[in-house]
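Protein chains in written order, with the UniProt record's numbering: chain P, 1 to 346; chain A, 1 to 346.
Source of the hints: derived by calculation from the structure; they are not laboratory data.
Everything numeric in this text was worked out from a predicted model, so none of it was measured.
Mixed in with the good hints, there may be bad ones.
Just so you know, same-sequence chains aren't split out, so a pair can sit in one copy or run between any two.
[Claimed, not checked] Dumping the calculated BS3-like pairs for lysine-lysine here, alpha-carbon to alpha-carbon at most 25 Å: (1) Lys-36 x Lys-105; (2) Lys-25 x Lys-114; (3) Lys-114 x Lys-22; (4) Lys-203 x Lys-105; (5) Lys-203 x Lys-178; (6) Lys-62 x Lys-114; (7) Lys-22 x Lys-43; (8) Lys-105 x Lys-81; (9) Lys-43 x Lys-105; (10) Lys-35 x Lys-7; (11) Lys-178 x Lys-60; (12) Lys-114 x Lys-178; (13) Lys-114 x Lys-7; (14) Lys-90 x Lys-7; (15) Lys-232 x Lys-105; (16) Lys-90 x Lys-105; (17) Lys-178 x Lys-240; (18) Lys-62 x Lys-173; (19) Lys-114 x Lys-90; (20) Lys-90 x Lys-25; (21) Lys-240 x Lys-36; (22) Lys-232 x Lys-178; (23) Lys-35 x Lys-114; (24) Lys-62 x Lys-90; (25) Lys-25 x Lys-62; (26) Lys-60 x Lys-114; (27) Lys-7 x Lys-265; (28) Lys-308 x Lys-114; (29) Lys-114 x Lys-43; (30) Lys-35 x Lys-265.
There are 2 protein chains.
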Amino acid sequence: MSTITIKQLAQELNLSAGTVSKALKDSHEISAETKKRVREMAKDLDYVPNPYASSLRRRKSKTIAVVLPDIADSFFSAAIKGIETVAQDKGYHVLVYLTHELSYKECSILNDFKSGRVDGVLISVSRETTENHHVNELQANGIPVVFFDRVLPEINTAKVVTNDFEAARIATKHLIEKGCHRIAYLSFSRTLSISMDRLEGYKQALCDAGMEHAIDVVFCCNDEDENNRLIKEALSRQSKPDGILASAESLTIVAYHVCHEMGIKIPDDIKIVSFSNLATALILNPSLTTISQPAFEMGESAALLLFKSLEKNNFVLEGEQIVIPSVLMERQSTACSGVPGTELNA
Amino acid sequence: MSTITIKQLAQELNLSAGTVSKALKDSHEISAETKKRVREMAKDLDYVPNPYASSLRRRKSKTIAVVLPDIADSFFSAAIKGIETVAQDKGYHVLVYLTHELSYKECSILNDFKSGRVDGVLISVSRETTENHHVNELQANGIPVVFFDRVLPEINTAKVVTNDFEAARIATKHLIEKGCHRIAYLSFSRTLSISMDRLEGYKQALCDAGMEHAIDVVFCCNDEDENNRLIKEALSRQSKPDGILASAESLTIVAYHVCHEMGIKIPDDIKIVSFSNLATALILNPSLTTISQPAFEMGESAALLLFKSLEKNNFVLEGEQIVIPSVLMERQSTACSGVPGTELNA
Numbered sequence: 001m002s003t004i005t006i007k008q009l010a011q012e013l014n015l016s017a018g019t020v021s022k023a024l025k026d027s028h029e030i031s032a033e034t035k036k037r038v039r040e041m042a043k044d045l046d047y048v049p050n051p052y053a054s055s056l057r058r059r060k061s062k063t064i065a066v067v068l069p070d071i072a073d074s075f076f077s078a079a080i081k082g083i084e085t086v087a088q089d090k091g092y093h094v095l096v097y098l099t100h101e102l103s104y105k106e107c108s109i110l111n112d113f114k115s116g117r118v119d120g121v122l123i124s125v126s127r128e129t130t131e132n133h134h135v136n137e138l139q140a141n142g143i144p145v146v147f148f149d150r151v152l153p154e155i156n157t158a159k160v161v162t163n164d165f166e167a168a169r170i171a172t173k174h175l176i177e178k179g180c181h182r183i184a185y186l187s188f189s190r191t192l193s194i195s196m197d198r199l200e201g202y203k204q205a206l207c208d209a210g211m212e213h214a215i216d217v218v219f220c221c222n223d224e225d226e227n228n229r230l231i232k233e234a235l236s237r238q239s240k241p242d243g244i245l246a247s248a249e250s251l252t253i254v255a256y257h258v259c260h261e262m263g264i265k266i267p268d269d270i271k272i273v274s275f276s277n278l279a280t281a282l283i284l285n286p287s288l289t290t291i292s293q294p295a296f297e298m299g300e301s302a303a304l305l306l307f308k309s310l311e312k313n314n315f316v317l318e319g320e321q322i323v324i325p326s327v328l329m330e331r332q333s334t335a336c337s338g339v340p341g342t343e344l345n346a
Numbered sequence: 001m002s003t004i005t006i007k008q009l010a011q012e013l014n015l016s017a018g019t020v021s022k023a024l025k026d027s028h029e030i031s032a033e034t035k036k037r038v039r040e041m042a043k044d045l046d047y048v049p050n051p052y053a054s055s056l057r058r059r060k061s062k063t064i065a066v067v068l069p070d071i072a073d074s075f076f077s078a079a080i081k082g083i084e085t086v087a088q089d090k091g092y093h094v095l096v097y098l099t100h101e102l103s104y105k106e107c108s109i110l111n112d113f114k115s116g117r118v119d120g121v122l123i124s125v126s127r128e129t130t131e132n133h134h135v136n137e138l139q140a141n142g143i144p145v146v147f148f149d150r151v152l153p154e155i156n157t158a159k160v161v162t163n164d165f166e167a168a169r170i171a172t173k174h175l176i177e178k179g180c181h182r183i184a185y186l187s188f189s190r191t192l193s194i195s196m197d198r199l200e201g202y203k204q205a206l207c208d209a210g211m212e213h214a215i216d217v218v219f220c221c222n223d224e225d226e227n228n229r230l231i232k233e234a235l236s237r238q239s240k241p242d243g244i245l246a247s248a249e250s251l252t253i254v255a256y257h258v259c260h261e262m263g264i265k266i267p268d269d270i271k272i273v274s275f276s277n278l279a280t281a282l283i284l285n286p287s288l289t290t291i292s293q294p295a296f297e298m299g300e301s302a303a304l305l306l307f308k309s310l311e312k313n314n315f316v317l318e319g320e321q322i323v324i325p326s327v328l329m330e331r332q333s334t335a336c337s338g339v340p341g342t343e344l345n346a
């Protein structure tokens, strides 16, 4: 790193460190001529202010943390892109932490932030997380937290989510309208609020259609092989599903593999809708009907809220809630037999 | 952030700040009993050492930066996952910066690092980058840099790459063996070394088969619509390609869309191979033959090299080069007409 300290710079200039510091901050107390001398010498000596020294003075790190379960997922990678774009504009730095869906990792990561490493935190909690204390402690330490997508409902702070209940209801209704009678919901969590909201939306659509009896939830997990087994089991049942609502693209990819393997034809034998932002949805075999989440916009909005709270002392995050709706993109995986695809409209 | 300073902690304990600091560092100069008292009081008062204060003392930030073009790409998201896993083990923090393929952004990002914000840098350069000075300056400031995937060949430091020349040669040979006579190479850069290495491998395979005359390179860009236009143009030619080697999955996705739109059948009318790590390669329409890059391993190895140089003063990065080979995964997009797919072997 740059080895020139402000003291050395001051020596070279025959000025006090305080004067040099003020000059570099363009203080009105310093003459234009002195400022010029200081700036030139700073440039010649390639002086760069030490960010940690100034963080210490300002008690600000100009750094935010993004804590999320996974990055190899089209939703989260797009969300980070949205966050990073805002941060670059604001001149902030972005630390990225992956919990790999483990709540103990999430706790230890957040615990470290109490030290003041970051000015604020954007988080989408792990599949396992049910406790609030790790987030509460952070807030108690005066570090603002904004949730995006996967929230902890009890915690009173800003949240940026999509309309999970309504999107799942619409997707399920879509499957019913396409003639499905036994729709399975592939869930990735028994506790996560968005997963539960989607479950409720799914149930609502079945009730609205007088199909309460047909509620069929397959709770999947973190392990791909186990999910493969669970889905294969569901599709081997006597009265197997003729429709699937998948709560995560990773589960949809497994479901496609299982169908290909078992010779179950999509959409003729089974129709599939998935929460997903896959760039390849349109060119899958068959093209996938998705509930496309506004991933980039959700990351962007969450970051904007956090920076607002960092820049405006009077702005309170409590109670702020932004809901950005998802969109159903109808494609071949839910087409009626013999009906041409809708790729080009999608 | 935690408001208890080491001074306040010392006051509470009626000890000197120095003694407390040594006790927390488990120094042999301090009695077991005192250490116990200090640790207990630190716990009671929820004392957390300020990372910037210790960074300043140690001149170490325990933070590394990962600079890359994009994150919504299966290669880079998997690579970050590899990097992040190693960093978590080592107790380091990971700052992620996206250049969005713009070299001026890359320069300003690296310039900021001179301040000592990070102890080391992992970088995969932007499509535009041809200059070395921004990386040289960083090294001159004593900040170690390790390249992964997209390297600057002239810079003498550790590089972790895949066998781009050989992988492209094998993929092109594969297309020739499947009966392609006019193979187009979709390139994403006119300057980037890996893109050029792949181009050379492609040319080599054509020469080996006595097909020098058939060299056909389509240089694509950053803009998806423009790439769509370029590929459509290539596939509308009198003697249009019957094979495609795509240097990036983003170009393959566009090529699939164009083929679907123009009614060009894959693999009957045209066969496609792509450098890609798409999780959905196997369920595309048709399943995609890929050159699968060891993305996670490349990120992991690059991070391990960087930490080695940070932890061992005597370890020099210069001259270190790790090549992790890519693997050709043969699937339906290059199958001979009427030949059953190889999904299950893939």
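* To do: Please flag the earlier hints that this structure goes against, numbers listed from lowest up.
  => Violated: hints 1, 4, 11, 12, 14, 15, 18, 21, 27 and 30.
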